[in-house]
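Q: Residue numbers (the working numbering), protein chains in the order written: chain A, -15 to 297; chain B, -15 to 297.
Just so you know, these hints were derived from the structure itself, not from any lab.
Even for Gly, the Cβ is constructed at its ideal location relative to N, Cα and C.
Each hint can be trusted.
27 Å max Cα-Cα, derived DSS-like pairs, lysine-lysine:
| # | chain 1 | residue 1 | chain 2 | residue 2 |
| --- | --- | --- | --- | --- |
| 1 | B | LYS104 | B | LYS78 |
| 2 | B | LYS62 | B | LYS93 |
| 3 | B | LYS253 | A | LYS255 |
| 4 | B | LYS255 | A | LYS255 |
| 5 | B | LYS(-12) | B | LYS208 |
| 6 | B | LYS59 | B | LYS138 |
| 7 | B | LYS255 | A | LYS253 |
| 8 | B | LYS253 | A | LYS229 |
| 9 | A | LYS255 | B | LYS252 |
| 10 | B | LYS10 | B | LYS26 |
| 11 | B | LYS274 | B | LYS296 |
| 12 | A | LYS2 | B | LYS229 |
| 13 | A | LYS229 | B | LYS255 |
| 14 | A | LYS120 | B | LYS2 |
Partial pick of chain B residues on the chain A-facing surface, computed with a CB cut under 8 Å:
| # | residue |
| --- | --- |
| 15 | ILE165 |
| 16 | ASN166 |
| 17 | MET167 |
| 18 | ILE169 |
| 19 | GLN227 |
| 20 | ILE231 |
| 21 | GLN234 |
| 22 | ILE238 |
| 23 | ALA242 |
| 24 | MET246 |
| 25 | GLY249 |
| 26 | PHE250 |
| 27 | LYS253 |
| 28 | LEU254 |
| 29 | ILE257 |
| 30 | LEU258 |
Here are some chain B residues the structure puts well away from chain A; computed CB gaps all over 12 Å:
| # | residue |
| --- | --- |
| 31 | ALA(-3) |
| 32 | ARG20 |
| 33 | GLY73 |
| 34 | ARG88 |
| 35 | LYS102 |
| 36 | GLU141 |
| 37 | PRO177 |
| 38 | GLU198 |
There are 2 protein chains.
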Amino acid sequence: MRRKFCRFCSEFAATTIKYSGLPLCKKHFVEYLEKRVFKTVKKYRMIQEGERILLGVSGGKDSIALLHILKDLQKELKFEIIPLFIDLGIQLNKYSQLSGEIARKNCEKLGLDLITVKIKNEYGFSLDDVFSKRLKRPICSVCGLIKRYVLNRKAIELSADKVATGHNLNDEASFILQNFINMDIELLSRLSPIQPTFNKLLIGRIKPLFEIYEDEISLYVTFKNLEYIDIACPYAKEASTLQLKNILIQLENIRSGAILTMVRGFHKKLKPILQNKQKIEEEKELTTCKLCGMPTSTEICSFCRLKSKIIKN
Amino acid sequence: MRRKFCRFCSEFAATTIKYSGLPLCKKHFVEYLEKRVFKTVKKYRMIQEGERILLGVSGGKDSIALLHILKDLQKELKFEIIPLFIDLGIQLNKYSQLSGEIARKNCEKLGLDLITVKIKNEYGFSLDDVFSKRLKRPICSVCGLIKRYVLNRKAIELSADKVATGHNLNDEASFILQNFINMDIELLSRLSPIQPTFNKLLIGRIKPLFEIYEDEISLYVTFKNLEYIDIACPYAKEASTLQLKNILIQLENIRSGAILTMVRGFHKKLKPILQNKQKIEEEKELTTCKLCGMPTSTEICSFCRLKSKIIKN
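Whenever a hint applies, use it, and build me the whole structure from the sequences.
A: As structure tokens, this is what we get:
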């Protein structure tokens, strides 16, 4: 096979964008990917001038990529980045410790101060404590609950305008497919790459990477030589979403662009129909948790209910 | 591994229903599957007493299974079966000829007269003629159009109340997934295991096997020792739906029952929402084709447009 040249310079192409056939060298791939994220941010009005963006940095490739891309975007758009690392207290493979160090190093390199929330110190329990309780709920789902809670709470405390996370296209697609299989209309109708702030209690969330394929992010961090934690979370083997993601990758292999088409089509065509339906059916009052004051639709929020299960028993 | 016994007798189990764990011998599996189809027919009111049901029999395992199951259902419910074979004129591997012979033999065994429509004789072209024209539209899609047209036309001519086809759960699921990926809301909203007769021109369609897995139908025809055409259509290698079906099988392997959950959930929860939406948007007039008098939303129906492309050029 003849090696292709980059579309934009005389270098050999380091990769070819599969669904468009565009051959690109390392440098131009990095630029191309950043431009696509900028486009997503602008198209969906994810960040406005002057806003304070709390960015969840886990140390994994997605959030590390997003950290660097948002830093670069600051050249064009004035806004503040507040990077936050949640130390979940996973001891195995020194997972939390290593992840935290990588997050800190990346922030230092960019001249940003990393805030760390050690959940054991702030809330009295770690993810290892959760695991040892062998709850019925899958550990990855509990971890998601904790992270959403901490990010929202810190966003309120730090007066952030939005919370940004590194969810990529494959994450979004597997979430859509999962809830499509289970036909969970409520969850489907709530899924969004931009959730506006609600009631000053639920801080708006944005996913600037939601139109970028996971393997494109892998190339980005590799081509830019970025340090990230490349070992999987020791609990992740329980994640059934990994299997669903493999299926999506196979789908993409037989129909190039299928994942992107599905996610875009979902947000553009199906979701508006579902949301319309939901609006009529639910008009749930959002109230505040009696224990922590955070938003909830029940008396005690799900985080506090979890906490009491882990700490009391 | 210890062999299991049939849940209903002292025989060894010949199979285990995966999503429910039910072990069954050959005889009880056959009964179980027939009961499930009867249940589907009743639940969705697919067939009423005294109706004339035109059944498309291709000779493949699905339509052969349906032929035998409907014949058996006649013991409980009085209705008429009119089996119809469409000879598409596929010469390779003597495909059409062999399929027709198998369809006829099965009908003879059940004391039913098979009607054969040779499209070359009735409409002046065969599927081989279509293939040789190398149209842009995939051959499997053209074949689907021809079969739908012929079944509907014959149903009108024979005063049939409904057209039954052997589409199984995997067919239905791959159609749903395909249109979900492409987010074709119109096609999704039209998909149904029971389409009522519209305007006396579009005869109602039923898919009594739509809740039965493809591999269950394979077991059924094997256990009952039924003859069916077990070579694939020579044009089927072009079918992209086969790849999608493989993906669905993998999904089923990691989540037992996923396909059934998805298809049922789709029809129960999502489709009513989509149909509601569609009803408001489309109020297309159905008119009759200037050339053949069959239903169409344009001046000349798609079958006649296809025919003129194949025969004239």
